[in-house]
Every structure is written in structure tokens, then in C-alpha cells.
Amino acid sequence: MAVMTYLEAGRRAVIEEMQRDTSVWALGEDLGRGGVFGQYKGLQEMFGADRIADTPISEACIMGAAVGAAMTGTRPIVEMRFSDFALCAVDELVNQAAKARFMFGGQMRVPMVVREPVGMWRSSAAQHSQSLESWYTHIPGLVVVAPATPADNLGLLKSAIRNDDPVVYLEHKNLWPLEGEIPEQEHLVPLGKADLAHAGGDVTMVTWSGMRHGCLRVAEQLAAEGIGVEVIDLRTLWPWDRDTVFASVERTGRLLVVHEAVAVSGFGAEIAASVAEALHHRLKAPVRRLGAPRIPIAYAPPMEDQARVSDDSIAAAVRGMLEPAAVS
Amino acid sequence: MQDVIAEGRHHNLDRDRFLGRLALMHRIRAFEEEAIAAQKDGLVLGAIHPSIGQEAVAAGVCANLEPADLMLSTHRGHGHTLAKGADPLAMMRELFGRAGGTCGGKGGSMHIADFGVGMLGANGVVGANIPIAAGAAHAQKLQGSRQITVCIFGDGAVNRGPFLEGLNWARVFDLPVLFVCEDNGFSATTRTREMTGGEGAAARAESLGLEAQEVDGNDVVAVDAAARAAIDAIRAGQGPRFLTCHTYRMTGHTAVDPATYRPAQEVDEWRGNCPIARLEVALRLAGESDARLSALQAQESGAMAAIAQAARDTGWPEATGAFTDVQDIGDPRERAF
Chain A
111 MAVMTYLEAG RRAVIEEMQR DTSVWALGED LGRGGVFGQY KGLQEMFGAD RIADTPISEA
171 CIMGAAVGAA MTGTRPIVEM RFSDFALCAV DELVNQAAKA RFMFGGQMRV PMVVREPVGM
231 WRSSAAQHSQ SLESWYTHIP GLVVVAPATP ADNLGLLKSA IRNDDPVVYL EHKNLWPLEG
291 EIPEQEHLVP LGKADLAHAG GDVTMVTWSG MRHGCLRVAE QLAAEGIGVE VIDLRTLWPW
351 DRDTVFASVE RTGRLLVVHE AVAVSGFGAE IAASVAEALH HRLKAPVRRL GAPRIPIAYA
411 PPMEDQARVS DDSIAAAVRG MLEPAAVS
Chain B
369 MQDVIAEGRH HNLDRDRFLG RLALMHRIRA FEEEAIAAQK DGLVLGAIHP SIGQEAVAAG
429 VCANLEPADL MLSTHRGHGH TLAKGADPLA MMRELFGRAG GTCGGKGGSM HIADFGVGML
489 GANGVVGANI PIAAGAAHAQ KLQGSRQITV CIFGDGAVNR GPFLEGLNWA RVFDLPVLFV
549 CEDNGFSATT RTREMTGGEG AAARAESLGL EAQEVDGNDV VAVDAAARAA IDAIRAGQGP
609 RFLTCHTYRM TGHTAVDPAT YRPAQEVDEW RGNCPIARLE VALRLAGESD ARLSALQAQE
669 SGAMAAIAQA ARDTGWPEAT GAFTDVQDIG DPRERAF
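Listed in order, the protein sequences are those of chains A and B.
Going by this note's numbering, the first residue of the first sequence is number 111, and it counts up by one from there.
Going by this note's numbering, the first residue of the second sequence is number 369, and it counts up by one from there.
Isolated chain A, as found in the complex (with noise of 0.2 angstroms):
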């Protein structure tokens, strides 16, 4: 095992698959200089300006013209640089990308991956910390996927990479110095298999991205009093993996639900409505979701703070459900 960090495991994702596949190519906007994290350092050095491409700040252009040139025997990787940016490239992604091997009978597909960095990061105020999973998770065609390590950063790139249908690859930002474990040999993560993060018989957490971090901390931190927390990151978010967090649910009888993003139509409603529809007879209480307000996140560190959800209330949240419910 080396340490890498996930940002570094991205990197590494790109040059391997890069190297196994011909076709396989990079576009957006700075990467001949490593592009705005750095996730493309010295690659263009090592593939050439044609594979990594520098593109002109024409996010509808960058991802349409890799809906042209996934249809045209290329599989581009799309960086979108903030995912708030993508929403410039919406027609592309959504209309055409995500429609086009249904709409055209099945004639051809359209492997592309877009990786759009995602969430909270420093005073980086509305229009560059926003978590909008559940906009893709809602359109058929779209594989999402939300990885919150090192190693599965690595893996599930490059699953996404080889997937033949468009991936919205979110990367967390505040993740991108984090450092883990990753296996020396070649690591490849399924899409749509969940990771049983941590274990426990009292409540079942799920959650993915950035998040998984909280959640590990508050079950860490709740283990030492004795209540069994098992967190689940989902990774792959459409299609999410409901048999891991169905068996999960059975054994607790108790789900919540804890993602950055703003609570109201978050995809934590999809999960907490499955199982509460499937399961509804196991349950020992009431499903809860914790999200953001729905609020623009603001850039100064008092206001900003408000719309992170922390280990405190995701704590209070498992406490409240192991409480005896109140008779009125």
C-alpha cells in the first residue's frame, strides 16, 4: 500500500487509463497548466496538448463537443473546473449527452466522463460550493458517482472512465489534500456498490462525499458511549446501491440519512422514501435526513458555518432517534 492523496489518486487515474486506452483524452479549461486544483499537473507534458486539451472558457462548447466526440470513437474526460460552472453546459449534458443513445434508438453511446469538483470549501461563498447531486441523480442516462477517498477516487475514476454511458464525476474540493491508502497494483472500484464504511447495530448512517468524513468522526466518537453506528458511503449515487443499505436497515431498524447538500429535494429524500416504503414494518423509528437550509452559502465563516451540517447535529440527530418516542 502507498499513501496518495485524493487529488494525487485522481491524477493517477487519468494516466493509467490514458495509457491502457488510445482514445481516451482530457478537455477544459487551464489543464496544459495542471488545471485549477492541479489534478492535471505534467500530464499534458506526458501525453501531448492534443490529449490534454486547453480549452477556451466555453463550458457549453467543452461539453458538447465531447457529446460529438464520445458519439465519434473518443472517450473524453470533461473538466468542468467548479460544478457551479456546469450548469452553463446543461442543454449539452442533460438534452444531449444523457439522451442520446435512448433518443437514437441505441445506435450509438456516449462514454464520457465530466468531472465537476463539488462542495464547501473555504470562503468560496454561492456560485463555487454548491453540492447539486440530486439534479443528475433525477436524469436517466447519468451515472453519478461521488467518491470520498484516495482509493476510490482511484478506482471509481477509472470504472467511470471505462463506463460506455456519460458519468457526473463529482469530486469533493475540501478532499483534495486528504491522504489514504491505496493499493500498489491496479485498483479498480465498481460503479454502484456502496462501502460499508464503518460498523454498527444501532442506526444506520448513509451518506457519500465529503461527508463520510463527519459521519465516520460522529460513529468513532458514539462507539465510546456504546451506540453502534454503521456508516454507509454510497459512492456511486445513481444507480445507489439499495441491497447494502436495505440489509443494513434491517439489521437497525433505524436510517438517516446525512448529505451537504440542501435538504429539500436533496437525494437523501430518494433513499429515506425507499426505505420507508420497503421497510417501513422494521422500523424502530422515524427515517431523518440532514442536509443544508435552504440557503445560498455565504462566504463569511459565521454565515457559511450555517449551511454545514456538523458532526454535532449529525450526533444529536442518532441520539434523538435511539430515544424512546414520546407519548402524547
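These are computed hints drawn from the structure, not numbers from a lab.
Beta carbons: idealized from backbone N, C-alpha and C, even for Gly.
All clues given are correct.
Covered by chain B, per the in silico footprint, the following chain A stretches (three or more residues, Cβ under 8 angstroms):
#, region
1, 163-172
2, 176-185
3, 249-256
4, 273-284
Partner residues aside, some chain A positions facing chain B, computed with beta carbon under 7 angstroms:
#, residue
5, M213
6, G216
7, Q217
Chain A is already provided as a structure; the job is to place chain B on it using the hints.
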């Protein structure tokens, strides 16, 4: 003087080449007339956007392409698609939503694609085909291919952002792509010139560094010559080119739009400028007989009537197709209980 020049050109007309173009234009018109009639009978289920009156653009441009070249079209794309070589019966079945349609009945008129003949799709979103075409040409360049991409869009598209982004992209990466603005004067039901700043499509293309040419889009001989020159240059590695073809839409925006927003006199003037009739005049001047020209029209009309009947006689696709080709992983039936 102009007539003399025109007559001189007609004497030199490559008759075989333009008999082929004429047959294609008759095919496009007959196909769309059948489709409009079928819509009145309730057989064409969704909206169709006829290109009657604009056939010279499809015929003049697409007939210069090689089978392996790529083409992208618009919501008004039947003509382009036929000109690229798609099977009219499969297309008519698609319009009828029947089994064996070009896209298996999943797309309809606005989403016809036939990747087997290099037709990468009509598009329901104005201008959306421009970045996709740039990307197809980008892939061709990366692959070292000799093939090129042609992207046809209407004049309404020049006011969308992807027009700027796609043309700039093609210039920046020096891509093998021909952009064709099929200028029929209307953005849906609004006159484009009233909605457009500056000098319009060609001027905008030139401002982005693309060599641009404008032709009479109802003169298939002119369109053919301009397209051929541009395509030859692109194939020779000279980068993207832009061609505006000025034409007119004889129907409304859709087949059911009565287009009362334009004066009858204007429509009559353009009816007298029919691209099919003009080519017939030119071929007669070049020595073709009326009998041969009539036979050509009868042949295409008969063929399209037969395919409309065949489409009518085809059954529906299986409902289970609604769940296929969504994506490889994940169950598209999820929540369908």
C-alpha cells in the same frame, strides 16, 4: 447579360450530377408532402418541421460528402437526412412511431439519426448541434481521419451562445468542419433580422476567423459549387469554413402553422423561386427532355407514396423498448411500481 451567363452555365451543366440532385430534391419534397398528408390523417404523431422550398441546401451540400463523412442537422432535418443517404422507409416509420423506425420509434422527426450513414442526429434544441459537430470534427482530427463533419443549422441558431462557442472552438482547434447556415429568414415564427444585431451569420463567422461565403440557397448549382469548394478546402486541411445559403420556408414553422405572419405576396414570390423548378429549367436548357424530367419526379413521388403506405402497414414497437438503451448500469424500472 445575366441570362447569357446563366445560359452559358446551363450548357456546361454536368447533367448526370444534377439529374441526381433533382431526383434527391424530388425525393425530399415528396417525402415531406407524404408526411404532411399523413399528419392530417393522424399517422405522424408529433410535430414535424418541413423543409419544403429549402431542398437545394440539403441536395447541394450533402451530395458532396463521402459516406464516411459526418453530418448533424436540426429539427428541420428530413431533407438533410435523406440527402446523407438514410432509408426513407425507416424515416417514415420513425415519424409514424412504428417498429423499424430509424431510431426504433424512440425519437420521431426531431431526433432522427442514422449513424450507419454518418448522420449524427437531428436536434430538438436550436444550435445544440453546433458544439456536438465541433466535437465530432475534433475526434476526426485526433484520429487523423480524412473525413470531415458538416453541421447544418438555421438562421435562428446564430443568436444562441453555442453558435459563438462552437465556431470559435472549430477555429481554435482548426477542425475539419463545414458550418452551413440554412437561412430561411425565420426564427420559428419571428423574422430573424428583427432579432439579430449586426450583419448576421456570415459576418459573425468572419469575425471569428472563419472564411465565409453566401450563396443563393435556392440555386442548387450554386450551393453545390460553394459546398464543394469549401469541403475540398477542409479536406485539404485548411480548417473550418462557413457557408450561408439564403432560402425560404414554404410552410410555417411546423406543418400545422398557417404562417399568417407573412404576406401572401412574399410567399408567392418565393413560390416562383422554387429550387426544383429552377433546376428543371436549367436542365432543360442543358438539353434534358421534359419526358425525362417528368419521369424522374413520378419515380420519386411514387416511391415515397409506397413507403408511406408501407409505414402505415407497419406495427407499433414493443412497449418494453421504453426501458432499453437508457444506460448499462442501474435498473430504469426503479420506482416503476
